[in-house]
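Chain by chain, the residues:
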Amino acid sequence: MHGRVKVKTTAQQEEEKRKEREKKLKIYVAARDACFSKRKDGVFDEEALQLTQQLLSSNPDFATLWNYRREILMHLETVKDKDEVQKIYEAELLFLESCLKVNPKSYGSWHHRGWVSARLPRPDWARELSLCDRCLSLDDRNFHCWDYRRMVVKMSGVPVKQELEFTDRLIGSNFSNYSSWHYRSTLLPLLHPESPEATSQCGDPPHSSSPPSPQTHFHRVCEEQLLKEYELVQNAFFTDPNDQSAWFYYRWLLGRAEREEMISCVYVSREGERVAVAFSRPVNAQSAGLLLVLDGQPQKVEWQSVHPHFKHSPVWICDLPPGTISDITNEHNLTVHWTEKHTHRDCALYTGRSESWCRDTATDLELFRSELSVEKTSVLQSELQSVNQLQELEPLNKWCLLTIILLMRALDPLGYEKETLAHFQTLREVDSMRSAYYSDLCSKFMIENTILKMEYAEVRVFSISDR
Amino acid sequence: EYTLSEYLRMSGIYWGLTVMDLMGQLQRMNQQEITDFIKACQHECGGISASIGHDPHLLYTLSAVQILCLYDSLDAIDVDKVVEYVKGLQREDGSFAGDKWGNQTLIYHGKMDTINVDKAVEFVLSCMNFDGGFGCRPGSESHAGQIYCCTGFLSLTGQLHQLNADLLGWWLCERQLPSGGLNGRPEKSVVMLNLNAVLFLVCRYYQSMFDNTDNLNMLYPPNLTPEEQLNHVTDTAKAGGEASQTSSIKADELMVRL
Chain A
1 MHGRVKVKTT AQQEEEKRKE REKKLKIYVA ARDACFSKRK DGVFDEEALQ LTQQLLSSNP
61 DFATLWNYRR EILMHLETVK DKDEVQKIYE AELLFLESCL KVNPKSYGSW HHRGWVSARL
121 PRPDWARELS LCDRCLSLDD RNFHCWDYRR MVVKMSGVPV KQELEFTDRL IGSNFSNYSS
181 WHYRSTLLPL LHPESPEATS QCGDPPHSSS PPSPQTHFHR VCEEQLLKEY ELVQNAFFTD
241 PNDQSAWFYY RWLLGRAERE EMISCVYVSR EGERVAVAFS RPVNAQSAGL LLVLDGQPQK
301 VEWQSVHPHF KHSPVWICDL PPGTISDITN EHNLTVHWTE KHTHRDCALY TGRSESWCRD
361 TATDLELFRS ELSVEKTSVL QSELQSVNQL QELEPLNKWC LLTIILLMRA LDPLGYEKET
421 LAHFQTLREV DSMRSAYYSD LCSKFMIENT ILKMEYAEVR VFSISDR
Chain B
1 EYTLSEYLRM SGIYWGLTVM DLMGQLQRMN QQEITDFIKA CQHECGGISA SIGHDPHLLY
61 TLSAVQILCL YDSLDAIDVD KVVEYVKGLQ REDGSFAGDK WGNQTLIYHG KMDTINVDKA
121 VEFVLSCMNF DGGFGCRPGS ESHAGQIYCC TGFLSLTGQL HQLNADLLGW WLCERQLPSG
181 GLNGRPEKSV VMLNLNAVLF LVCRYYQSMF DNTDNLNMLY PPNLTPEEQL NHVTDTAKAG
241 GEASQTSSIK ADELMVRL
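As given, the protein sequences belong to chains A and B, one line each in that order.
With full-length UniProt numbering as the guide, the letters of the first sequence map in order to residues 1 to 467.
With full-length UniProt numbering as the guide, the letters of the second sequence map in order to residues 1 to 258.
If you are wondering where the hints come from, they were derived from the structure by calculation, not from laboratory data.
Virtual Cβ for every residue (Gly too), placed ideally from N, Cα, C.
All clues given are correct.
Not everything, but these chain B residues come out facing chain A in the computed CB check (under 8 Å):
{"#": "1", "residue": "His57"}
{"#": "2", "residue": "Glu141"}
{"#": "3", "residue": "Trp170"}
Covered by chain A, according to a simulated footprint, are these stretches of chain B (three or more residues, beta-carbon under 8 Å):
{"#": "4", "stretch": "3-15"}
{"#": "5", "stretch": "128-139"}
{"#": "6", "stretch": "152-160"}
{"#": "7", "stretch": "176-188"}
Cross-link-like lysine-lysine pairs, in silico, DSSO-like; alpha carbons within 30 Å at most:
{"#": "8", "chain 1": "B", "residue 1": "Lys188", "chain 2": "A", "residue 2": "Lys154"}
{"#": "9", "chain 1": "B", "residue 1": "Lys188", "chain 2": "A", "residue 2": "Lys105"}
{"#": "10", "chain 1": "A", "residue 1": "Lys80", "chain 2": "A", "residue 2": "Lys38"}
{"#": "11", "chain 1": "B", "residue 1": "Lys87", "chain 2": "A", "residue 2": "Lys40"}
{"#": "12", "chain 1": "A", "residue 1": "Lys8", "chain 2": "A", "residue 2": "Lys24"}
{"#": "13", "chain 1": "A", "residue 1": "Lys311", "chain 2": "B", "residue 2": "Lys87"}
{"#": "14", "chain 1": "A", "residue 1": "Lys228", "chain 2": "B", "residue 2": "Lys188"}
{"#": "15", "chain 1": "A", "residue 1": "Lys101", "chain 2": "A", "residue 2": "Lys24"}
{"#": "16", "chain 1": "A", "residue 1": "Lys101", "chain 2": "A", "residue 2": "Lys19"}
{"#": "17", "chain 1": "A", "residue 1": "Lys40", "chain 2": "A", "residue 2": "Lys23"}
{"#": "18", "chain 1": "A", "residue 1": "Lys24", "chain 2": "A", "residue 2": "Lys105"}
{"#": "19", "chain 1": "B", "residue 1": "Lys87", "chain 2": "A", "residue 2": "Lys154"}
{"#": "20", "chain 1": "A", "residue 1": "Lys228", "chain 2": "A", "residue 2": "Lys154"}
{"#": "21", "chain 1": "A", "residue 1": "Lys161", "chain 2": "B", "residue 2": "Lys188"}
{"#": "22", "chain 1": "B", "residue 1": "Lys39", "chain 2": "A", "residue 2": "Lys26"}
{"#": "23", "chain 1": "A", "residue 1": "Lys311", "chain 2": "B", "residue 2": "Lys81"}
{"#": "24", "chain 1": "B", "residue 1": "Lys39", "chain 2": "A", "residue 2": "Lys40"}
{"#": "25", "chain 1": "A", "residue 1": "Lys19", "chain 2": "A", "residue 2": "Lys8"}
{"#": "26", "chain 1": "A", "residue 1": "Lys154", "chain 2": "B", "residue 2": "Lys119"}
{"#": "27", "chain 1": "A", "residue 1": "Lys444", "chain 2": "A", "residue 2": "Lys341"}
{"#": "28", "chain 1": "A", "residue 1": "Lys38", "chain 2": "B", "residue 2": "Lys81"}
{"#": "29", "chain 1": "B", "residue 1": "Lys119", "chain 2": "A", "residue 2": "Lys311"}
{"#": "30", "chain 1": "B", "residue 1": "Lys119", "chain 2": "B", "residue 2": "Lys81"}
{"#": "31", "chain 1": "A", "residue 1": "Lys105", "chain 2": "A", "residue 2": "Lys17"}
{"#": "32", "chain 1": "A", "residue 1": "Lys40", "chain 2": "A", "residue 2": "Lys87"}
So that you can see chain B by itself, here it is in the shape it has in the complex (with noise of 0.2 Å):
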C-alpha cells in the first residue's frame, strides 16, 4: 500500500507532519531526510512532484511548500522557480492546470501579485452554485474541499463580499452527521474527521468575519504578511471553540480535538 500510494507521497508527508505538530511532536520526524526528500522532487521547471521521478504537480508543489513552511525552511527549495512554475499553470480563464491549490502555493510565498488576480477571482466565482457553494469547475457540483479552497481564495484576495455567507453557512452546518463527523457534500458519509474539522472552522471562520468582525475580534492584525495570515487561521482552527469571542463558531468539541 505504501508503494501503491507513492503518487501521492508528498501530500501524505505533509497530513502526517501536520497531526504530529498539531499533537507537539514534530520534533520525532527527520526534518533533514524530509528536507532531502523534497529537494530530489523538485524539477527543473519549477515545479514539485509526489515524489522521484514523478512529474510535478501543483498539489505536490502546495504540499512541499507547506512542509516547509511547518518547518520555516523554505529557502531549501528555489522559491522564485516555484513561483514561475505556478504563475505558468494559470489558464486564460484564471483557473490553473491542476486545481485551484495554485493560489495557496503563491500565497504562502506571498506572491499573489505575480499572477492575474482579476481573471482567478472570476474563474473561481464562475463556480459558485446555486447553494452558494463551489465546485472543481463552472458547472460542478458543490464540495466541501472546493469550499475550502475557493473561500480561501476569496479571503486572500478580498472578495468574501461575493460569497452569500448565510446560505454558505447554512450549507456547511448541515455537513455535521448525527455522529458529529462532518460530510464533504449532502447524503455523503463522513470523510476525514481532522481535515473537515479545519475546513468547517475555517469556513464558518470566514462567515463571522463576513457577518461581524468586530464582535469575533477576528480581523487579521495589519502586519501580518500573508503568510503568517494562513498561519493566523490554522491558528484559529486549533483553538476550535476555546476562545470564548468565537461563540458563533461552535463546532463539537469532539470533532476538533482530532
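Looking at chain A on its own, in the form it has when it is part of the complex (with noise of 0.2 Å):
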C-alpha cells in the first residue's frame, strides 16, 4: 500500500541494531587487522596513518596502535623536510583534539600529544596552554590535563606567579577545586622559599634547581607569603564550610613541621657487653655513618638491625670487645655518633650499675608535639580562635572540629585535654562512617597525655587501660 508509514516491531527493530552492531564490528575488526599486518610488514604509510586514525577515533585506548602511529611518523621525519613535518605535527595536534573532545579523559590521547608536543620543529606552547584553559574550564579536575599542563609550563618557563594567579581564579570561581589547591600547594614553594638568611625577603626569585616536594623536603614558605595563605584558605571556608579541599589544604599550612632528627635513647648492658641505639625515625647505619667511641677511643663494632629484613631500622645493636666494660667497679662514658645528622648522643655507665639508660624525657624532646608545630604559637592562638569563631556558628561541622582538636594538640596538648576529648565525642556523633578513625586519633592522643603526666610527675609506671 503507498503513502502509509511503515512501522517497525520491536523486534524488527533489535534485529537492525544487531545487522548494525555486527556491520560496524567487521569494519573495525578488519582494520585493526589491517594495521597489525602492515604494521608486522614493517609498512609506514599514508593508508597506514589513515586506518590508525580511523580506529583511534572511536578508540583512542587502544595503546598499541598509538605505538604504531609513532613509528610511522618518526619515519616520515626521516623523509620530510622541516616545513613538512611541521605541518603533519600540526595536522596531528588537530586530530589529537577532536579525539579529546570525545574523550578528554584518555591516556593514550594526552601521552601522544605530549610526545608530539616534544617533537614539533616549532611548538606553539601558548596554544597548548590555552587548550588546558579551555579543557580546564569545562573539567577542573581533569587530572590528565592538570598533568599536561604541568609539562607545558615546565617547556615554556611559564613563570610560578602566572601559575599561581590562574589557581587563584579557579578557587575563587568554582567549588570543586581540589585539583587547584594541590597545584598551589607545589607552586608556592617555588615561588617563596624560607631563605635561611632572613624571613623578609619575600619574592625573591627561588634558586634551587629541583623542585621541592611539598610533603617531605624543603617546603618552606616565607612568613609574608603564609599569612596571605591564611587569609585565603580562611575565606574559602568561612564562605563554604563544608568545602574540603579548603580544609585538607588548611591543614597543610598549618602543619609543615620537620621532626628535629636525633638519637632518641642509647642503652648499655655490662652482661650483654652490648650497646642498643634508638632512633626518631628508622635509619640505615651504614648509610647514617654511626661511630662508637668509648672512653675516648673509637670502637670497631659492628651494627645489627633489630628487623629481620630491611635495611631502615629505628634502632640498632652492637657488641662490645669482651671484657671492656664488664668490671662493674669501671666507669665508662659512651658517645654515639650519627655524623649523617651531626648529631651524638653521650651514655655514662656509672660504677656499681650493671646498665644504663640514657634519653631525653618525652616533654623534652616534644615527642608528640603535633605536626602542626612549625607555626609560632602566636600564629597558631589566632588560627585557632578563628576556628572556634567559625564552630559557633556551625557547631556540627566535622572539619572544624578536627582542625580544632589539632590546633589545641600543637598548643597544649594537657591543657586542651578536656576540651579534646568533648570534641572528639561530638566529632564521632556527627560524622559516625570515621568514628573508628576518630577513636583511634583520639586513643593515641590520650595515651600521649598519659606519658606526658607520668612525666611531669616523675612516676615510673602508669596505666594505658581505657585509654
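Fit chain to chain and form the complex, with the hints in mind.
Right, dumping it as C-alpha cells:
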C-alpha cells in the first residue's frame, strides 16, 4: 500500500540494531587486522596513518595503535623536510583535539599529544596552554589535563607567579577545586621559599634547581606569603564550611613541621656487653655513619638491625669487645655519633651499675608535638580563635572540630585535654562513618597525654588501659 | 564492547578471575585456555601484552603474572625474561616506563634486588603530596589507586615510616561516601566498590601496621617470601572486618562483602 508509513516492530528494530553492530564490528576488525599486518610488514604509509586514525577516533585507549602511529610519524621525519614535518605534526595536534573532545580522559590521547608537542620543530606552547585553560574550564578536576599543563609550563618556562594567579581564578570561581589547591601547594614553595638568611626576603626568585616536594623536603614558605594564604583559605571555608578542599589545604598550611632528627636513646649493658641505640626515625646504619666512642676511643663494631628484612631500622645494636665494660667497679663514658646528621648522644655507665639508659624525657623532646607546630604560638592561637568562631556558627561541622583538636594539640596537649575529648565525642556523633578513625586518633592522643603526665609527676608506672 | 576493550584484555581477565576466586569458583574457568593465551602474549623482550598482537606493557605484564599466581603456575612463562623486561623499563629517575606497577610485578617474582630500589623509593617519595597521598608523577594530584601502589611499594621496601599515617589515613577515610562506597579522590563519585574495598583495607592495614603492629598481630611471619607476603595482604583484605583483632580497621561490612 502506498502512502502509509511502515512501522517497525520492536523485534525488527532489535534485529536491525544487531545487524548494524555486526557491520560496524566487521569494519573495525578488518581495519585492526590491516593495521597489525601492515605493521608486521614494516609498512609506514599514508594508508596506515588513515587506518590508525579511523580506529583511534573511536577507541583512543587502543595503546598499541598509538605506538604504531608514532613509528609511522618517526619514519616520516626521516623522509620529509622540516616544514613538512611541522605541518604533519600540526595536523596531528588537530586530530588529537578532536579525540580529546570525544574523550577528554584518555591516557593514550594525552600521552600522544605530549609526545607530539615535544617533537614539533616549532612548538606553540601558548596554544597548548590555552587548550589546557579550555579543558579545565569544562572540568577542573581532569588530572590528565593538569599533568599535561604542568609539562607545558615546564617546557615553556611559564612563570610560577602566573600559574599561582591561575589557581586564584579557579579557586575564586569554582567549588570543586581540590586540584587547584593541590597545584597551589606545589607552586608556593617554588615562589616563596623560606630562605635561611632572613624571613623578610619574600619575592626573591628561587635558586634551587630541583622542585621541592610539598610534603617531604624543603617545603618552607616565607612568613609573609603564609599569612596571605591563611587569609585566602579562611575566606574559602568561612564562605563554605563544607568545602573539604580548603580544610585539607589548611591542615597542610598549618603543619609542615620537620621533626628534629636525633638519637633518642642509648642503652648499655655490662652483662650483655652490648649497646643498643634508638633513633627518632628508622635509619640505615651503613649510610648514617654510626660511630661508637668508648672512653674517648673509637670502637670497631658491627651494627645489627633489629628488623629482620629491611635496611632501615629504628633500633641498632652492637656488641663490644669482650671484657671492655664487664668490670662493675669501672665507670665508662660512651658517645654514639650519627655523623650524617651531625648529632650524637652521650651515655654514662656508672660504677656499681650493671646497665644504663640515656635519653631525654618525652616532654623535653616534645615527642608528641603535633605536626601543626611549625608556626609560632601566636599564629596558632590566632588561627584557633578564628576556627572557634566558625565552630560557634557551625557547631556540627566536622572539619572545624577536627582542625580545632589538631590546633589544641599543637598549643597545649594537656591543658586542652578536656575540650579535646569533648570535641572527639561530638565528632564521632556527627561523622559516625569515620568514628573508628576518630577513636583511634583520640586513643593515641590520650596515651601521649598519659605519658606526659607521668613525666611531670615523675612516676615510673602508668596505666594506659581504657585510653 | 568486548572487541573494543581488547586493549585491556589481560587485566580484564585478571579482574574476572579474582572475583571468581574470591567466590570460590575459580575452577569454572578454563585454566589451560587462559594460560595458553598468556603464553601467546609474551613477547621476545619478556614483556606481556593485553592481547595477541598488541604491544607489551608493564600493566598487562603485571596482570598476567597475577593470573598465573592465582593458578600457581608462574613457570608457564619465561619468568627471567619478565624480570629483565621490567628491569629494563626503570628510568634514571627511578620510575618505570608505563607506571609504578613494575614494582609489584617484581615482588611477585621475589626479585626486587634486580632493580635500583633506592632510586625507585626516591621517585615514589617525590610523588608524595601535601595531603599525604601520592599522584602518578611528581606534582600530580593524589589518587587512591596511586596511593595503593605507592604504599604497597613503600611497605615492601621497608619505607613505611616515610608516610604520615595520621594524615594519609584521614584522607583515605574521607573517601567513604554516605552510600558506603569509596571514591578515588575528593568530591568524586564512587569507583569500583570491590577494588576500593581492598584498597581501603590495605591502606588502613598499612596505617595500622605503622601505628601498633603488636596489638593487631599484623606483622608478617618472618619466613614468608615477598610473594606470600603480598598474598597475605590479600587474605586480610578478604577477611575484612571479621577478625576481631583488627578493630581499628573498620570498613563497612557491605563494602567488604562485594
